[in-house]
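Going down the list, the sequences are from chains P and Z.
Heads up, the first sequence is in our numbering, so the first residue is 1 and it goes up one at a time.
Heads up, the second sequence is in our numbering, so the first residue is 1 and it goes up one at a time.
Heads up, some of the hints might be wrong.
Over 10 Å on every C-beta distance to chain P, these chain Z residues come out as not near it, computed from the model [as the list claims (entries may be wrong)]:
| # | residue |
| --- | --- |
| 1 | 26 |
| 2 | 65 |
| 3 | 77 |
| 4 | 87 |
Computed cross-link-like contacts, SDA-like style, restricted to lysine to any residue with a CA-CA straight-line distance of at most 20 Å [as the list claims (entries may be wrong)]:
| # | chain 1 | residue 1 | chain 2 | residue 2 |
| --- | --- | --- | --- | --- |
| 5 | P | 59 | P | 95 |
| 6 | Z | 57 | P | 95 |
| 7 | P | 98 | Z | 65 |
| 8 | P | 37 | P | 25 |
| 9 | P | 98 | P | 43 |
| 10 | P | 98 | Z | 59 |
| 11 | Z | 57 | Z | 29 |
| 12 | P | 67 | P | 37 |
| 13 | P | 98 | Z | 75 |
| 14 | Z | 9 | Z | 87 |
| 15 | P | 37 | Z | 2 |
| 16 | P | 98 | Z | 58 |
| 17 | P | 37 | Z | 88 |
| 18 | Z | 57 | Z | 73 |
| 19 | P | 37 | P | 98 |
| 20 | P | 37 | Z | 10 |
| 21 | P | 37 | Z | 58 |
I should point out that these hints are in silico values taken from the structure, not numbers from a laboratory.
Values in this document were obtained by computation on a predicted structure and should not be read as measured data.
Even glycine gets a Cβ: it sits at the ideal position worked out from N, Cα and C.
This is what each chain is made of:
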Amino acid sequence: QQPVQSPQAVILREGEDAVINCSSSKALYSVHWYRQKHGEAPVFLMILLKGGEQKGHDKISASFNEKKQQSSLYLTASQLSYSGTYFCGTEAYSSASKIIFGSGTRLSIRP
Amino acid sequence: DSGVTQTPKHLITATGQRVTLRCSPRSGDLSVYWYQQSLDQGLQFLIQYYNGEERAKGNILERFSAQQFPDLHSELNLSSLELGDSALYFCASNRLAGNEQFFGPGTRLTVL
Numbered sequence: 001q002q003p004v005q006s007p008q009a010v011i012l013r014e015g016e017d018a019v020i021n022c023s024s025s026k027a028l029y030s031v032h033w034y035r036q037k038h039g040e041a042p043v044f045l046m047i048l049l050k051g052g053e054q055k056g057h058d059k060i061s062a063s064f065n066e067k068k069q070q071s072s073l074y075l076t077a078s079q080l081s082y083s084g085t086y087f088c089g090t091e092a093y094s095s096a097s098k099i100i101f102g103s104g105t106r107l108s109i110r111p
Numbered sequence: 001d002s003g004v005t006q007t008p009k010h011l012i013t014a015t016g017q018r019v020t021l022r023c024s025p026r027s028g029d030l031s032v033y034w035y036q037q038s039l040d041q042g043l044q045f046l047i048q049y050y051n052g053e054e055r056a057k058g059n060i061l062e063r064f065s066a067q068q069f070p071d072l073h074s075e076l077n078l079s080s081l082e083l084g085d086s087a088l089y090f091c092a093s094n095r096l097a098g099n100e101q102f103f104g105p106g107t108r109l110t111v112l
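Start from the sequences and build out the full structure, keeping to the hints where you can.
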């Protein structure tokens, strides 16, 4: 079952922060985050494997709450290069190695 | 450049036809994944192969089939094409399932 991402779209000014949420109805083994720019292939950001795990990647970080089956992606002090569509992909214990992606969150950064 | 190659880049064909999309994974990667992305839609998982064997299946239509060859390249065959099959088809690869996936540039299929 496809994870639910929110919001569907967000518009920020450069330097503002954003949070993108991803939730699943299934018990999750891992959560993957990817960014896709228009007309390009998705690019890996990070994987979270353990409940409560947090990871960072420059000014982009994420958390994974295994009990709530939720993950959040945090973008701080956003830059123009952060524009794109962000996808979370979830791997459930019941279907290991199969990553199901959410419908994406479109992020637009204005100068 | 992810190291994953896909051919062709673009494909235009007619309804009812059959096409084959090809993917070469990164050197050393044993897993290949196929995804379908319709216009402004998310990534729909189709199928995964690991070292030549089917490992996981998603919402892949019966008209679609795939295989992974001994040299680890993979092909996705789409038959009896319909207008709704028009989409971007991505291939991704990784060394171990569950790890970061490296996506190819995609094949844009247009069915007229």
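Hint-by-hint comparison with the structure:
1. 26: holds (12 Å)
2. 65: The assertion about residue 65 (chain Z) holds, with a minimum of 18 Å to chain P.
3. 77: holds (21 Å)
4. 87: holds (14 Å)
5. P:59 - P:95: Roughly 32 Å between the alpha carbons, so the hint for residue 59 (chain P) and residue 95 (chain P) is violated.
6. Z:57 - P:95: With Cα atoms ~10 Å apart, residue 57 (chain Z) and residue 95 (chain P) stay inside 20 Å; holds.
7. P:98 - Z:65: With a Cα-Cα distance of about 17 Å, the restraint between residue 98 (chain P) and residue 65 (chain Z) holds, given a limit of 20 Å.
8. P:37 - P:25: The hint is violated at about 28 Å.
9. P:98 - P:43: Given pair residue 98 (chain P), residue 43 (chain P) holds - Cα atoms ~18 Å apart, limit 20 Å.
10. P:98 - Z:59: This hinted pair holds, its Cα atoms lying about 11 Å apart.
11. Z:57 - Z:29: holds (19 Å)
12. P:67 - P:37: Violated: residue 67 (chain P) and residue 37 (chain P) sit about 31 Å apart, past 20 Å.
13. P:98 - Z:75: This hinted pair holds, its Cα atoms lying about 19 Å apart.
14. Z:9 - Z:87: holds (12 Å)
15. P:37 - Z:2: Holds. Residue 37 (chain P) to residue 2 (chain Z) sits at ~15 Å (cutoff 20 Å).
16. P:98 - Z:58: Satisfied, since the Cα-Cα distance of roughly 8 Å is no more than 20 Å.
17. P:37 - Z:88: The hint holds at about 14 Å.
18. Z:57 - Z:73: holds (18 Å)
19. P:37 - P:98: Outside the cut-off at roughly 23 Å; violated.
20. P:37 - Z:10: holds (19 Å)
21. P:37 - Z:58: violated (24 Å)
Violated hints, in rising order: 5, 8, 12, 19, 21; the structure is consistent with all others.
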